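Trainee: Residue numbers (the numbering used here), protein chains in the order written: chain A, 1 to 560; chain B, 1001 to 1449.
Please note that the accuracy of each hint is not assured.
To be verified - Distance condition first, Cα-Cα at most 20 Å in a straight line; then the derived SDA-like pairs of lysine to any residue:
| id | chain 1 | residue 1 | chain 2 | residue 2 |
| --- | --- | --- | --- | --- |
| 1 | B | Lys-1281 | A | Ala-549 |
| 2 | A | Lys-439 | B | Ser-1022 |
| 3 | A | Lys-40 | B | Glu-1350 |
| 4 | A | Lys-439 | B | Glu-1350 |
FYI, nobody ran anything at the bench for these hints, they're computed from the structure. Remember, predicted model here, so these are calculated numbers, not experimental data.
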Amino acid sequence: MTSNANSPEARSAGPRTLGKVRPHQTQNEALLFEKSSPGKRAYKLPPLDVAAVDFSSGLGEAYRQNPPALPELSEIEIIRHFTRLSTWNYAIDLGMYPLGSCTMKYNPRVNELVARIEGLAEAHPYRPESLAQGILEIFDLLQRCLLDITGMDAITLQPAAGAHGEFTGILLTRAWHESQGNPRKKILIPDSAHGTNPATAAIVGYVVENLKSNADGGIDLEALTRQVDGETAALMLTNPSTLGVFESQIHKIADILHAKGALLYMDGANMNALVGKVRPGDFGVDVMHLNLHKTFSTPHGGGGPGSGPVACKAFLEPFLPIPVLVRGGKGEEPCSDAGDWEDTNAEPTADGCPPLFRAPVLKPDGERVGDTDPLPLHPFGGPLRWDYDRPQSVGRVRAFYGNTGMFIRALAYILANGPDGLRQTTEDAVLNANYIRKKLEDVYELPYKTASMHEVVFSDKRQAARGIKTGDIAKRLIDYGFHPYTVSFPLIVHGALMIEPTESESREELDLFIAAMRSIAREVEENPELVKTAPHSTRVSRLDEVQAARKPILRWRPQP
Amino acid sequence: MRYLPKSDEERRQMLAEIGAKSIDDLFSSIPAEYRLERDLTVPRQQAESEIVEYFRAAGQKNATDYASFLGAGAYRHYRPVIIDALVQRGEFLTSYTPYQAEITQGTLQAIFEFQTMIAELTGMDVANASMYDGSTGAAEAVMMAVRVTGRSNAVVAGTVHPEYREVLATYAKHQGLPTALVGYDPETGRIDLDTLDAAVSAETAAVLVQSPNFFGVIEDIPAIAQIAHARGALLIVSISESISLGIVRPPVEADIVAMETQSFGVALSYGGPFCGVIAAKEQFVRQMPGRLAGQTVDGAGNRGFVLTLATREQHIRREKATSNICTNQALVALMATIFLAVYGKEGIRELAEHNLAKADYAARTLGNQPGAKQRFKGAPRFHEFVLQTDEAPEAWSRRLLENKIVGGIELSRWYPELGNCTLWCATEVVKREQIDAAARVLAAEAVEA
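Isolated chain A, as found in the complex (with noise of 0.2 Å):
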């Protein structure tokens, strides 16, 4: 019997394996206030080296007499609590999670490392410029490699996410159609667009007009040529759309909307499909946002941070929040001093700045000079310093300069990768896409037979006729050891199962999630009942969602 059951039948055989998953114990924990008990800390202080002070009369009616009911515990009660409730999630790092529109990629460890180094993570956002050049040497070749990477002239930091950027690069339109005289009234939207969109252009006070997908999910022309007027500020576009098709008709779509004076923004979600292959900047947008959590990897983290900077071409420039970074001393002419750090990879020009410090030059067949030399990482120029001087900006849309963390980490992932780094990525990405819609088309109904980019929309069609939904075959995947799809979007596909894979996956992982897409649809077939009741394998069954907003419990509160 002993051997038996080490043989590698019993193995394979052994009692819950699935596909590539076998359930493993995980710790049960209470809540911290549950844990906690009167006297015991986690922290000391070291001695104060000054004279306590009477709080209690210092402060008079200020003064807080109790003290807020914080949990105490020790040390190691903390680090287990956490690391027990870690063990609870999925994460990228355990596998797959091809959640389509949300670019869920490997988040390199040494981007971790040096957002931590000491004189980037401690640095004060007021200290003197003077003594914060490092970091404004970091935020300058950010900003251009991102303004290379979309092919627009200008950028701002600031914004703290997608949405934010939205935000942002709606207000960037406000103001430029505010200067020709008619802020406009309306923000064209299609169908298939992620909800921030709508949502931000009524932050903004535009009226939404919904424009309907063409048989191909596309953009209708015809609709939109009917649909844009002297009104219309902008449309609002995610290219490729959140069908995962590139829209071979964008140099149309622009050339509408320029024609009635409305512009084209861009939604960058998707940017992961383009980068090092095709710029927006040279398709026909004029504002764009990315998002560095998607395509730059920088961590999700559980839902943020995020960052969103925007990018736009030069008659949008002076309408970019405050600060603005600039080279060189007030008054002073750009590029005048060679600054302090070494060179490795440039050659100065005549003037002594290198190429790319310098205003693109356009020659005569529109080619930029200085497009195709290398990017100096040790520039030459003067010091950078923050531009408040600008009557025509937006204003703030956050104090600060945004999320600094983060541009440190989307920089060493573009430092990481270099040009054929981010080009192969791109085409990975696309790559992955394609070869799951390839081994899924015959047993997933496809709605939209248009080519795919980086992701794919399927629907839940075929095995709804079984009575089993999108959100059923996302419940059994967990089961199969993958974090679900995304769920039910684009809207305009009823059913929706929408797949991202990213460039991080293996050929090996995608079989294995491939293998687990077409095993539940036999299960469909066969089992119904086993997928409309998962997941089987988790420390939680489906909750209940409907008590959870009927009777909200938001916090925890001790037992009377």
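Following the hints, complete the assembly by docking chain B onto the known chain A.
Mentor: Here is chain B on its own, set in the frame of chain A:
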């Protein structure tokens, strides 16, 4: 490329299985005239060791060995080691927003704990899962008050962080939301209550104040609440130094609290990522922006947590949502939760006491130097104070920098009437000898003269 888990042979095989001749086939929907036929102009691919070297060099270029008295909305506190040890666990770091509750209970329970701690600290009933930062949180709180009251203007204290006010102005501009600014009492540095009383009308949705305010002074919240509530306006209290709540009475009379929690274990990081949060009275919860984690049960009766009340949010309500916020600051909120677990009930009080004591010593020592005096002495404050000097700050700042000390920040940048006034901050990490050294350098010129 070391992040890409494929060999060229595997790529070829996969293309063959797809039925594509080359990778370019998969990009054929991009019109040829727009395809980028050159390398991007970004630095060449760097080895990991080169990346570390590059950022170390940048860090060293930022001077690290300076004593600093900077505050003004970004505070230097000691960060317990276990924070970074725990938030760098991949299960927290590389997880998405917990929409799939069955496999994100870790993040969800931690958010629920964060919400509970913030509610307890602020004296509010409920708190959300986080906002971008204190500045956008304050602006969103004002918009929330407009929705709650159906009224159309806001009254803002001039002692709210100037950059927070600028952010509010950007948001309010397109909401048809006029804002009136109320000045401060030149003796106390507190909002002028008579002016406030005159500014609040039956059309005022909210009064926004900050406490401790931008000058470090603690506002008279009960008195301000009385004025706001007498006309049916909501009171929003912005808090940029959250550690003050360890010893300063929470603003229980407020209707909404918009707080920056950077002080709870979050690195300064040149201004971000920080972590804002909105807390409020229970009856306003359905007008709150941002995510909320709530407690419920699964099919077997086990306690579990889910994101709830999502019908407020943009992915459901689109243009009718309470806010366009989607991504928040979850991992930073986790840092704050761990920080608060480390200090706990007694520690947060003791930590706040140390901050008060250091600031008290610094204010007395610096304010007693010849040619220097402390402003706004008439009201209680936390760990920041305003110093007025006979000598121009530009001059003594240079002397301090030569001695590797970063002194207070000049207020005339935002308050032209406060010439030669600087805002100083002394947290628990400032040492007595640093304060003494700053005082000596500050006095140097005056003594010589």
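Trainee: Compare the structure with each hint and give your call.
Mentor: Against the structure, the hints come out as follows:
1. Proposed proximity of B:Lys-1281 and A:Ala-549 is supported: the alpha carbons are some 17 Å apart, at most 20 Å.
2. For the given pair, A:Lys-439 sits about 18 Å from B:Ser-1022 by alpha-carbon distance, which is consistent with the 20 Å threshold.
3. Proximity of A:Lys-40 to B:Glu-1350 is assessed by CA-CA distance (about 14 Å); at most 20 Å being required, the pair is judged to hold.
4. Of the supplied pair hints, the one linking A:Lys-439 and B:Glu-1350 is violated, its CA atoms being roughly 61 Å apart against a limit of 20 Å.
The structure fails to meet hint 4 from the earlier list, while all remaining hints are met.
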